[in-house]
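2 protein chains.
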Amino acid sequence: MRPTPDLSPVEERPVLPSGFVAGGMSAGIKASGRSDLGIVAVTTAGPASAAATFTANLVQAAPVRLSREHLAASGGAARGVIVTSGCANAATGPAGDDDQAAIAGALATALGCDPAETLCASTGLIGTRLPVDAVRSGIAALVPGGLRADDAGLEAFATAMLTTDTRLKAATTTIALPSDDDVSPRPIRVSGVAKGVGMIHPRMATMIAVILTDAPADPGLLASLLRDAVAATFEQTSVDGDTSTNDTVFLLASGAADVDRPRPGSGQAAALGAAITAVCRSLARQQAADGEGATTLITCRVTGAADLLDARAAARAVVRSNLVKAAAHGRDPNWGRVAAAAGAAMRPDGTPIALDPTTLAIGLAGTAVFSGVPLPFDAATVKAAMDAPELLVEVDLGRGQAAAEAFGCDLTEAYVRENSAYST
Amino acid sequence: MRPTPDLSPVEERPVLPSGFVAGGMSAGIKASGRSDLGIVAVTTAGPASAAATFTANLVQAAPVRLSREHLAASGGAARGVIVTSGCANAATGPAGDDDQAAIAGALATALGCDPAETLCASTGLIGTRLPVDAVRSGIAALVPGGLRADDAGLEAFATAMLTTDTRLKAATTTIALPSDDDVSPRPIRVSGVAKGVGMIHPRMATMIAVILTDAPADPGLLASLLRDAVAATFEQTSVDGDTSTNDTVFLLASGAADVDRPRPGSGQAAALGAAITAVCRSLARQQAADGEGATTLITCRVTGAADLLDARAAARAVVRSNLVKAAAHGRDPNWGRVAAAAGAAMRPDGTPIALDPTTLAIGLAGTAVFSGVPLPFDAATVKAAMDAPELLVEVDLGRGQAAAEAFGCDLTEAYVRENSAYST
Numbered sequence: 001m002r003p004t005p006d007l008s009p010v011e012e013r014p015v016l017p018s019g020f021v022a023g024g025m026s027a028g029i030k031a032s033g034r035s036d037l038g039i040v041a042v043t044t045a046g047p048a049s050a051a052a053t054f055t056a057n058l059v060q061a062a063p064v065r066l067s068r069e070h071l072a073a074s075g076g077a078a079r080g081v082i083v084t085s086g087c088a089n090a091a092t093g094p095a096g097d098d099d100q101a102a103i104a105g106a107l108a109t110a111l112g113c114d115p116a117e118t119l120c121a122s123t124g125l126i127g128t129r130l131p132v133d134a135v136r137s138g139i140a141a142l143v144p145g146g147l148r149a150d151d152a153g154l155e156a157f158a159t160a161m162l163t164t165d166t167r168l169k170a171a172t173t174t175i176a177l178p179s180d181d182d183v184s185p186r187p188i189r190v191s192g193v194a195k196g197v198g199m200i201h202p203r204m205a206t207m208i209a210v211i212l213t214d215a216p217a218d219p220g221l222l223a224s225l226l227r228d229a230v231a232a233t234f235e236q237t238s239v240d241g242d243t244s245t246n247d248t249v250f251l252l253a254s255g256a257a258d259v260d261r262p263r264p265g266s267g268q269a270a271a272l273g274a275a276i277t278a279v280c281r282s283l284a285r286q287q288a289a290d291g292e293g294a295t296t297l298i299t300c301r302v303t304g305a306a307d308l309l310d311a312r313a314a315a316r317a318v319v320r321s322n323l324v325k326a327a328a329h330g331r332d333p334n335w336g337r338v339a340a341a342a343g344a345a346m347r348p349d350g351t352p353i354a355l356d357p358t359t360l361a362i363g364l365a366g367t368a369v370f371s372g373v374p375l376p377f378d379a380a381t382v383k384a385a386m387d388a389p390e391l392l393v394e395v396d397l398g399r400g401q402a403a404a405e406a407f408g409c410d411l412t413e414a415y416v417r418e419n420s421a422y423s424t
Numbered sequence: 001m002r003p004t005p006d007l008s009p010v011e012e013r014p015v016l017p018s019g020f021v022a023g024g025m026s027a028g029i030k031a032s033g034r035s036d037l038g039i040v041a042v043t044t045a046g047p048a049s050a051a052a053t054f055t056a057n058l059v060q061a062a063p064v065r066l067s068r069e070h071l072a073a074s075g076g077a078a079r080g081v082i083v084t085s086g087c088a089n090a091a092t093g094p095a096g097d098d099d100q101a102a103i104a105g106a107l108a109t110a111l112g113c114d115p116a117e118t119l120c121a122s123t124g125l126i127g128t129r130l131p132v133d134a135v136r137s138g139i140a141a142l143v144p145g146g147l148r149a150d151d152a153g154l155e156a157f158a159t160a161m162l163t164t165d166t167r168l169k170a171a172t173t174t175i176a177l178p179s180d181d182d183v184s185p186r187p188i189r190v191s192g193v194a195k196g197v198g199m200i201h202p203r204m205a206t207m208i209a210v211i212l213t214d215a216p217a218d219p220g221l222l223a224s225l226l227r228d229a230v231a232a233t234f235e236q237t238s239v240d241g242d243t244s245t246n247d248t249v250f251l252l253a254s255g256a257a258d259v260d261r262p263r264p265g266s267g268q269a270a271a272l273g274a275a276i277t278a279v280c281r282s283l284a285r286q287q288a289a290d291g292e293g294a295t296t297l298i299t300c301r302v303t304g305a306a307d308l309l310d311a312r313a314a315a316r317a318v319v320r321s322n323l324v325k326a327a328a329h330g331r332d333p334n335w336g337r338v339a340a341a342a343g344a345a346m347r348p349d350g351t352p353i354a355l356d357p358t359t360l361a362i363g364l365a366g367t368a369v370f371s372g373v374p375l376p377f378d379a380a381t382v383k384a385a386m387d388a389p390e391l392l393v394e395v396d397l398g399r400g401q402a403a404a405e406a407f408g409c410d411l412t413e414a415y416v417r418e419n420s421a422y423s424t
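Chains as they are written, first to last, in the working numbering: chain A, 1 to 424; chain B, 1 to 424.
In short, the hints are calculated from the structure, not lab data.
One or more hints might be untrue.
[What the hints assert, rightly or not] Cβ-to-Cβ under 7 Å is the rule here; a few derived chain B residues that face chain A:
id: 1; residue: 91
id: 2; residue: 343
id: 3; residue: 420
Each residue gets a CB set at the ideal place from its N, CA and C atoms; glycine is no exception.
Produce the complete structure using the sequences and hints provided.
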């Protein structure tokens, strides 16, 4: 598979940037007793700069509403992030808002900061209440004694976010950021952890992910870099076409690294943005690959689009198609379903993309199968090539120069089994 | 379940309106030897008035392109309809267009009419060519000797359309149409047959369906009535979220009934429109109930919407949700998925609907489960009520007076099995 240009190389492991401590534990939210409470705290003198994107679902969970309020009140400053799993605290009415505010208050007291300097996210069953007293006890147990300034702390935090995930999702990269008044670039690190295996079809927002960097940055620059990164990565990911009530991405910059604060529009800002995007892309791919019941990651790479919106829409439509997903599961080179999915793709404003079957070309697992007309190919060879942990679907629209990619997974009987009996 | 107001009562059986003959046979398109060629012909002195809606997919099948051309050239006049199954004749390039034109030419010769007075539709695997000689031989065998002026003829036609359908889909209604100058209303009949079990998510168009009436009507009026009927029925149906390359609805009016030609805007036109909508609604429900692998029809009825577009979007979003579909399969009263699906619904222009969780109410199989806050309910009772051939999901947005419904089906392991190995 061709590498995506202009993105930093990423390692899939939890590495804690300087300026943070992190930890996780079982607070008793999950009946299984598995880890369900994670906290990241900022250790620099001042708070970290923070930015976030949230779900566009109109049914927004209490932690989404509260984090949005806190970010606005603090002007993008954060001292701590708390993530709970096993309960979404969504569609719980005013009582759910009260629960979340009580938890934020307990975290603020433990950290010695203003409640507006805390951020929160939660994931799990919609319509159930958080056990506030148990979460309060968990906070008291974790802060400060249970928080660690090492990679194991971030791993514990990432583990506490998981629900039906089968794998921890983490990504990290370092880049050298040149200073304005210094010829020798100095390293900064961007790391991220995420959860998400179902109800994944982020829109104007994404799943729960926490991105940390030791770079210094103003909240406004962080928000802009995060928006671009999320649009190219998490929003191009679909497990089941369902948009969650709890999607949240936080980006915190501690500023502990010894580099200058990048100015918007500068080369340093672009380099930081590319590192953030690389981490988000890796996390999005890990989410899709671990989609409920999935056996293969599907990457759709669209080229030759009239513009970026067309490219993104076409790639998303292909990885979202239940029929493409089922064909991928059967290692069935049924490329007509790719053509049909791309042909039905719509831009965000509901208008069709620019697509003409006569200039359309499709490749499956490295073999060209359609180019205006069906191409002869050896089905057994393509079928064998599709039997891999990742399936590349290439779509060239032949209408321009824009390109994009999207990530999904196959649709399996295991997905149906897992989701036919979740709440009961 | 409450009856839908203002629609004529419908029987689910093929009844041929006067002014038509119909038949079907095995022409050898399907390897299985099952029936795969159906023809309806008009027996009145003049041609029938005709209207159609087609798929909005940009990858349009050859029969869709040809029928569109023919309707434009004939000004909405038709002498015959040919439907082939087992091959979509989509994404087949110029050769596929030539194949379809040759078939239209053969039908026109057999019927003694202009090729522009023929309409065609096809369904099956994308990317394969029609066996033109076999279809030509079939036409010669079927016209005129194999076409019958009775219900068995329409049944044979409907059977020839089927692919992975497990049941024939037919609907019929009669209404009394008052004449302008006559106090005694006279009966007209509207009948329809359809196929479709997968790649069903019609948009600005629908699946293959043929609606016949003996009422007289101008093509312009038919087009207007059909557009309204399709928007309320077929376009509110989703089996898997995938929009076909071949969706086609034809509406033919023979004028054989002894009634006046309804004027646009008249009470007669409205009555004819309601009958057409009732037949389309029944066919759409039959399609959803026979969705690939389905065990239950899901009807989502949305009320209290700010406007009709919001109501339709919310209902469609609920029946399209893979997670709602999987919960329906598990008879799992996991209403949070309904809230999340409705909350992510988008209008055709990509903007969100008017939805506020505090005024949202949800009912499952007759039990109220959410009304701004979660309501206590007996899960075992609701689970038992969900174990039925039809599941009613009620969503009240509490924002206005508009209402709509949508039809879908549960997502099952059988759907995945069936679609994991289709072409190979």
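Taking the hints in turn, this is what the structure says about them:
The restraint placing residue 91 (chain B) at the interface with chain A holds, with a minimum CB-CB distance near 5 Å, inside the 7 Å limit. Using the Cβ-Cβ criterion of 7 Å, the hint placing residue 343 (chain B) at the interface with chain A is satisfied: the shortest such distance is roughly 3 Å. Nearest Cβ of chain A to the Cβ of residue 420 (chain B): about 3 Å, under the 7 Å cut. The hint holds.
In terms of the numbered hints stated before, the structure departs from none.
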